[in-house]
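Okay, here's what each chain looks like letter by letter:
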Amino acid sequence: MEVIKKIFRDKFARTAFIILFLLYLIILFADFIAPYSNTYSNRDMAYAPPSKIYTINECGKISWPYTYNYVREYNPVLMQTVFKQDRSQKYYIKPFKNGHLFGVEEGGQVYLLGTDINGRDVFSRLLFGGRISMTVGFLALLVVFPIGLLYGGISGYFGGIVDTLMMRFAEAVMAIPSFYLLIILAAILPSGMTSVQRFALIVIILALIGWAGFARVVRGMVLSIKNEEFVQAEKTMGASNLRIILRHILPQTTSYVIIAMTLSVPSYILAESGLSFLGLGIQQPDASWGNMLKEAQEFTNILYRPWLLTPGVLIFIAVLSFNILGDAIRDILDPKSQKRI
Amino acid sequence: MEFFRYISKRILQVIPLLIIVSIISFFIIRLSPVDPLAELRLNPSISQETLDKEMKRLNLDKPIYIQYISWAKSFIKGDLGYTSAGEKVSVKLKERIPNTLLLTVIVIFMTWAVGLPLGILAAVHKETAFDRMLTVISSIGMAIPSFFFAILLLIFAVKTGWFPVGGLTSWNFSEMSFGGKILDISKHLVLPVIVLFTISLSGLQRQMRANMLEVLDSDYVKFARAKGLSEGKVLFKHALRNAINPMITLLGFEFAGLLSGAALTEYVFQYPGLGRLILEAVMKSDINLVMASLMMGTIMLILGNLIADILLMITDPRVRGGANGSD
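Read top to bottom, the protein sequences are chains A and B.
So the first sequence is residues 1 to 341, counted in the numbering used here.
So the second sequence is residues 342 to 668, counted in the numbering used here.
Hints in this document: simulated from the structure, not taken from any laboratory.
Careful, some of the hints might be misleading.
Mimicking DSSO-like on lysine-lysine, the simulated pairs with C-alpha atoms at most 30 Å apart in a straight line are [to be verified]: (1) B:Lys467 <-> A:Lys294; (2) B:Lys467 <-> A:Lys11; (3) B:Lys625 <-> B:Lys394.
Quick caveat, the model's predicted, so the values are computed rather than measured.
Construct the entire structure; sequences and hints are all you get.
So, in structure tokens, the structure goes:
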């Protein structure tokens, strides 16, 4: 609790904490906040620009927010489809419509951030995609940390040949360029999996990349801890090796573990988005911020449909917030770095 | 003599590492249900003769450990097999590896040339507006996904038309004069270099700042100040030499990060490097090519670490003395 208090004392860390808290709150209630469902798609409205919301009507008076629908027209000169507002009919925004936070009158459409190639609402998909992008890092950590702690703990505690063998193996894993390994692992996943299975496997793959570096640091810490007197005392009392590692040595590494956790979440978010961006991660029709950015690979999209870039902005904000928060937590928990500040 | 003994010992350590890596990657790739020769079989321009040769080279009908041994043997001999398009893998790699090396080496030189001075300046002027500004900029640099930044730069390039988009050379490259060729390549390199530079600069600058702050706080720097040395002497003769050693160890890691970051950047910019090669190979499940480029990436990384270690030995007398400390 002391830590949270200290986080709130720092201006940047507080902002980062609040942003992350809001982001998680929003994706938790994505079903409620998003005006359209996960599966909504309006094929007639592919690449519609963001709906404009008006609060001042044509007479210059303040009015309840309303919007106009877009109609698709073909421009024979430019040889492309253009969207025009249909000014004949106003559609008022309605709060709490059909169990969603907001909606629009019957027959109207409200696309706050436009639509993608399949006519799906980008705003809604951002929220649903956030569910995957923002949790994948934490789930991978849940796999990485027990493995890394146990591996590093055993290796450092026993030393000798066990240590040498285990560390050589970990170094070999680290010697493979991580992104190369990542795409290869993702590519050998069999096709035809359900989206839940695929999500779980991606989490595991991300974890397979990250554990080795972590295990190495833990091992280094265990090496110095194992010679302390309280460990010797446990040994003389006849405690089993596993018990000493789990109950007495590893808890000493807690503050490092917390620091490493907050600082490594961003790298998992980035890895997932990179993987999905290439089409090897989360697959359509499921949304993730990475695979939504896949559409930004086309020139015409990035030039004429900038709203398709919004997932990138969100990745940026999330990663930035995690980095700032991680730095703050490190400064608080690590007495060595506190001196430097 | 000590120097050479250390280096040869370090090189010998690389060999078991390479063997373990090759075993890991071999088994990962063989875990996949894909038939490594499927693509070759489907390609009508591949002769039956080549196919038979590949069958023999890979020993696909034998148990997996024999397959590994025969693969390793042919790898050491330099025979890497054929890509699914029927080209020799070794030719393809020879074409791509220099491009990736060119990109990463330029980026490493630039980040060191800019990142170290910035880190030192930030440490010396700790807690000033300048330091805070650098902290904010480096946070932004660390948070922006490389491929997203690459896309943003692409928009910029398309809108302004200042830089060529994609590839490493223009279509009329072969007709250019020598100077023109260099200019053409540099123009193509600008955007990918900017992306990788921004991303690795931030980490480097922060690390240098932290090292420098730690050293500036140490007793020997206080002593140097106390005996009345000029600030410049304290900084450059006493502090800097100690602060820079951990950075050299980081050089190896930086190289690793760059190889990974380069894969996505190369993909967005259509840059003909190793990262894009492996990506395309993975998508086409071109097993020979994947395996070979994975090994090549690993070898590059290990060599990068080796160079960093040797450099560290030159700059840090402690490493020379204690040869191999317990990590």
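Structure-based check of all given hints:
{"no.": "1", "hint": "B:Lys467 <-> A:Lys294", "result": "41 Å, violated"}
{"no.": "2", "hint": "B:Lys467 <-> A:Lys11", "result": "18 Å, holds"}
{"no.": "3", "hint": "B:Lys625 <-> B:Lys394", "result": "21 Å, holds"}
Comparing the model with each numbered hint stated earlier shows that hint 1 is the single one that does not hold.
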